[in-house]
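Colleague: Here the protein sequences line up with chains A and B, keeping their order. Under this note's numbering, the first sequence has 46 at position 40, and the numbering climbs by one with no breaks. Under this note's numbering, the second sequence has 238 at position 72, and the numbering climbs by one with no breaks.
Just so you know, these hints were derived from the structure itself, not from any lab. Quick caveat: nothing in here was measured; it's all calculated off a predicted structure. Just so you know, not all the hints are guaranteed correct.
Subject to a maximum C-alpha distance of 25 Å in a straight line, what follows is the list of computed DMTMM-like cross-link-like pairs (lysine to aspartate or glutamate) [claimed, not checked]:
| no. | chain 1 | residue 1 | chain 2 | residue 2 |
| --- | --- | --- | --- | --- |
| 1 | A | 48 | B | 225 |
| 2 | A | 64 | B | 269 |
| 3 | A | 63 | B | 225 |
| 4 | A | 48 | B | 196 |
Below, a sample of chain A positions facing chain B; criterion: calculated Cβ distance under 7 Å [stated by the list, open to error]:
| no. | residue |
| --- | --- |
| 5 | 34 |
| 6 | 49 |
| 7 | 109 |
Ranges of calculated distance between the beta carbons of each label pair, as one might list FRET restraints [stated by the list, open to error]:
| no. | chain 1 | residue 1 | chain 2 | residue 2 | range |
| --- | --- | --- | --- | --- | --- |
| 8 | A | 118 | B | 248 | 16 to 24 Å |
| 9 | B | 206 | A | 100 | 23 to 31 Å |
| 10 | A | 63 | B | 279 | 38 to 46 Å |
| 11 | A | 118 | B | 174 | 32 to 40 Å |
| 12 | B | 180 | A | 46 | 26 to 34 Å |
| 13 | A | 118 | B | 246 | 39 to 47 Å |
| 14 | B | 206 | A | 60 | 39 to 47 Å |
| 15 | A | 118 | B | 245 | 23 to 31 Å |
| 16 | A | 76 | B | 269 | 22 to 30 Å |
| 17 | B | 181 | A | 76 | 43 to 51 Å |
| 18 | B | 225 | A | 52 | 33 to 41 Å |
Glycine included, every Cβ here is placed at the ideal spot set by N, Cα and C.
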Amino acid sequence: QQQVKQSPQSLIVQKGGIPIINCAYENTAFDYFPWYQQFPGKGPALLIAIRPDVSEKKEGRFTISFNKSAKQFSLHIMDSQPGDSATYFCAASMQTGANNLFFGTGTRLTVIP
Amino acid sequence: NAGVTQTPKFQVLKTGQSMTLQCAQDMNHEYMSWYRQDPGMGLRLIHYSVGAGITDQGEVPNGYNVSRSTTEDFPLRLLSAAPSQTSVYFCASSYYFGTANTEAFFGQGTRLTVV
Numbered sequence: 007q008q009q010v011k012q013s014p015q016s017l018i019v020q021k022g023g024i025p026i027i028n029c030a031y032e033n034t035a036f037d038y039f040p041w042y043q044q045f046p047g048k049g050p051a052l053l054i055a056i057r058p059d060v061s062e063k064k065e066g067r068f069t070i071s072f073n074k075s076a077k078q079f080s081l082h083i084m085d086s087q088p089g090d091s092a093t094y095f096c097a098a099s100m101q102t103g104a105n106n107l108f109f110g111t112g113t114r115l116t117v118i119p
Numbered sequence: 167n168a169g170v171t172q173t174p175k176f177q178v179l180k181t182g183q184s185m186t187l188q189c190a191q192d193m194n195h196e197y198m199s200w201y202r203q204d205p206g207m208g209l210r211l212i213h214y215s216v217g218a219g220i221t222d223q224g225e226v227p228n229g230y231n232v233s234r235s236t237t238e239d240f241p242l243r244l245l246s247a248a249p250s251q252t253s254v255y256f257c258a259s260s261y262y263f264g265t266a267n268t269e270a271f272f273g274q275g276t277r278l279t280v281v
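Isolated chain A, as found in the complex (with noise of 0.2 Å):
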């Protein structure tokens, strides 16, 4: 079964507005939860990631918003540029987990000069 759920399956905004993607989880255990970003034709890349001792991280236009007691966390993108227009993957990992990655099913994201 899918360990990080991802939500909406796809989001298209005007240029200049906050798209927000949001994932929740289960398994009490991870405690490493990073976004990545992947373009048509390319692999994922890291975008910006949050451990659960904090509950927001900021970089740049992307702020990443956790919440531990609802086992959620979100992606915020301010200011959004076509430029931005990518599918964006939360995942999670665990300590003990030798960096393995469960994905999210990932967003599609259009952003409309």
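Take the given structure of chain A and dock chain B to it, following the hints.
Modeller: Just chain B, lined up with the frame of chain A:
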């Protein structure tokens, strides 16, 4: 700096054929892994390795073999290809400290079609 290099980029196989997907990294990473990406399912772990001579199974290992004779290389072998193995395959590598997760670097992928 090449990073993670996968070959070939595209491959078409007939059912029952065998082949090896190559993966090489030049970052001296201990950890290497193979994922398959299917529509609507995200990426799923096939096999992984935390160092030369050490391999283990991931979520979906059936029909695949791996070996790790050097730090740099981690080939994935399909023993007898089946249409269900049609997918995009990604190799990834990262530093491995055993106590904390680190960034995974992915290759460009191999698109495999089994007919």
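Colleague: Take the hints in turn and mark each one as holding or not.
Modeller: Results for each hint:
Simply put, residue 48(A) and residue 225(B) have alpha-carbon atoms about 23 Å apart, close enough for the 25 Å limit, and the pair holds. For the suggested pair residue 64(A) and residue 269(B), the alpha carbons sit about 17 Å apart, so the restraint of at most 25 Å is met. With a C-alpha separation of about 30 Å, the suggested pairing of residue 63(A) with residue 225(B) is violated against the 25 Å cut-off. Between residue 48(A) and residue 196(B) the CA atoms are separated by roughly 23 Å; this keeps the pair inside 25 Å, and the hint holds.
Among the interface hints, the one on residue 34(A) is violated; its C-beta lies about 16 Å from the nearest C-beta in chain B, farther than the 7 Å criterion. At about 3 Å, the closest approach between the beta carbon of residue 49(A) and any beta carbon in chain B falls short of 7 Å, and the interface hint on this residue holds. Hint status for residue 109(A): holds, given a least beta-carbon distance of 4 Å to chain B, under 7 Å. Separation of residue 118(A) from residue 248(B) is about 40 Å and departs from the stated range, judged on CB atoms against 16 to 24 Å.
In this structure the supplied range 23 to 31 Å holds for residue 206(B) paired with residue 100(A), their Cβ-Cβ distance being about 25 Å. Distance hint check for residue 63(A) and residue 279(B): the Cβ-Cβ separation is about 39 Å, which falls inside the suggested range of 38 to 46 Å. Taking 32 to 40 Å as the suggested C-beta distance range, the pair residue 118(A) and residue 174(B) conforms, at roughly 36 Å. Separation of residue 180(B) from residue 46(A) is about 27 Å and conforms to the stated range, judged on CB atoms against 26 to 34 Å.
In this structure the hint that residue 118(A) and residue 246(B) lie 39 to 47 Å apart at CB holds, the actual value being about 46 Å. Distance hint check: the CB atoms of residue 206(B) and residue 60(A) are about 31 Å apart, inconsistent with the given range 39 to 47 Å. A hinted range of 23 to 31 Å for the beta carbons of residue 118(A) and residue 245(B) is inconsistent with their spacing of about 46 Å. For the hinted restraint 22 to 30 Å between residue 76(A) and residue 269(B), the CB-CB distance of approximately 26 Å keeps it satisfied.
Evaluation of the 43 to 51 Å hint for residue 181(B) and residue 76(A) yields a pass: the beta carbon distance comes to about 46 Å. Against the hinted window of 33 to 41 Å, the Cβ-Cβ separation of residue 225(B) and residue 52(A) comes to about 20 Å, which falls outside the hint.
Hint compliance for this structure: hints 3, 5, 8, 14, 15, 18 are not met, and every other hint is.
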